[in-house]
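Just need the whole structure built from these sequences, with the hints factored in.
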Amino acid sequence: GAVVSQHPSWVICKSGTSVKIECRSLDFQATTMFWYRQFPKQSLMLMATSNEGSKATYEQGVEKDKFLINHASLTLSTLTVTSAHPEDSSFYICSARETSNTDTQYFGPGTRLTVL
Amino acid sequence: TQLLEQSPQFLSIQEGENLTVYCNSSSVFSSLQWYRQEPGEGPVLLVTVVTGGEVKKLKRLTFQFGDARKDSSLHITAAQPGDTGLYLCAGDPYYGGSQGNLIFGKGTKLSVKP
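As you go down the protein sequences, you meet chains A and B in turn.
Under our numbering, think of the first position of the first sequence as 1, with each following residue one higher.
Under our numbering, think of the first position of the second sequence as 1001, with each following residue one higher.
One or more of the hints may lead you astray.
What the hints assert, rightly or not - No farther apart than 30 angstroms at their CA atoms in a straight line, the calculated lysine-lysine pairs in the DSBU-like style are these: (1) K1059/B with K64/A; (2) K66/A with K1113/B; (3) K1059/B with K41/A; (4) K1106/B with K55/A.
Stated by the list, open to error - Some but not every residue of chain A turned toward chain B, in silico, with C-beta under 8 angstroms: (5) L44; (6) T49; (7) S90; (8) I93.
None of these hints come from the bench; they were simulated from the model.
The beta carbon of each residue, even a glycine, is placed where N, CA and C say it ideally should be.
In structure tokens:
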């Protein structure tokens, strides 16, 4: 089956630093990847849609200058949390939409970010 | 804005019992997916239903897509402790599946006690 990886799986950083999270589709090409945020015991909240070779589309209320997204290839999208603050601590999950099968998204294992 | 109402939000049952989780909307979805998520991990796809009235079975799990493509259900027969987890339904709101921005239900946290 389609596999999506995320790196790192967890990260702890100091307030004010930037953190980059990678999302890779390992065995398929994904022109579109999605970034979600999930708070404890809650469902996923879509942050942005990442399209290969173009600018990401951000959901309402998500600061594009704070959450930088780059989708430089058909298998890699990155999310950079700039000047992180404790309120940015969360579980970040990416998903990838297989180019040849547009009905299904495959999710990465998530990245736990803790900002001290 | 399209919404998916998922119920119940929490469910605690004994091993061997049956259960059904529902996802309902007033809007049509081109497809609907069910995921299971364990703590600290990403959601794992269980099934995708595409055709109105479609029924898919995955061992003890039965998934149904409503005829009008506005609702779906997940039925688990003889639940086991290994079924414990967060179950999420997610619909693709664009007819024809051109965008893929999934709309997620709030999830059902299932606990199956031995």
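Hint by hint, here is what the structure shows:
1. K1059/B with K64/A: Cα-Cα ~43 angstroms, so violated.
2. K66/A with K1113/B: violated, 43 angstroms
3. K1059/B with K41/A: holds, 27 angstroms
4. K1106/B with K55/A: holds, 29 angstroms
5. L44: Holds. Min distance 5 angstroms.
6. T49: Nearest chain B Cβ about 6 angstroms off; hint holds.
7. S90: Since chain B brings no Cβ nearer than about 13 angstroms to S90/A, farther than 8 angstroms, the hint is violated.
8. I93: Holds, because the Cβ-Cβ distance from I93/A to chain B comes to roughly 5 angstroms (cut-off 8 angstroms).
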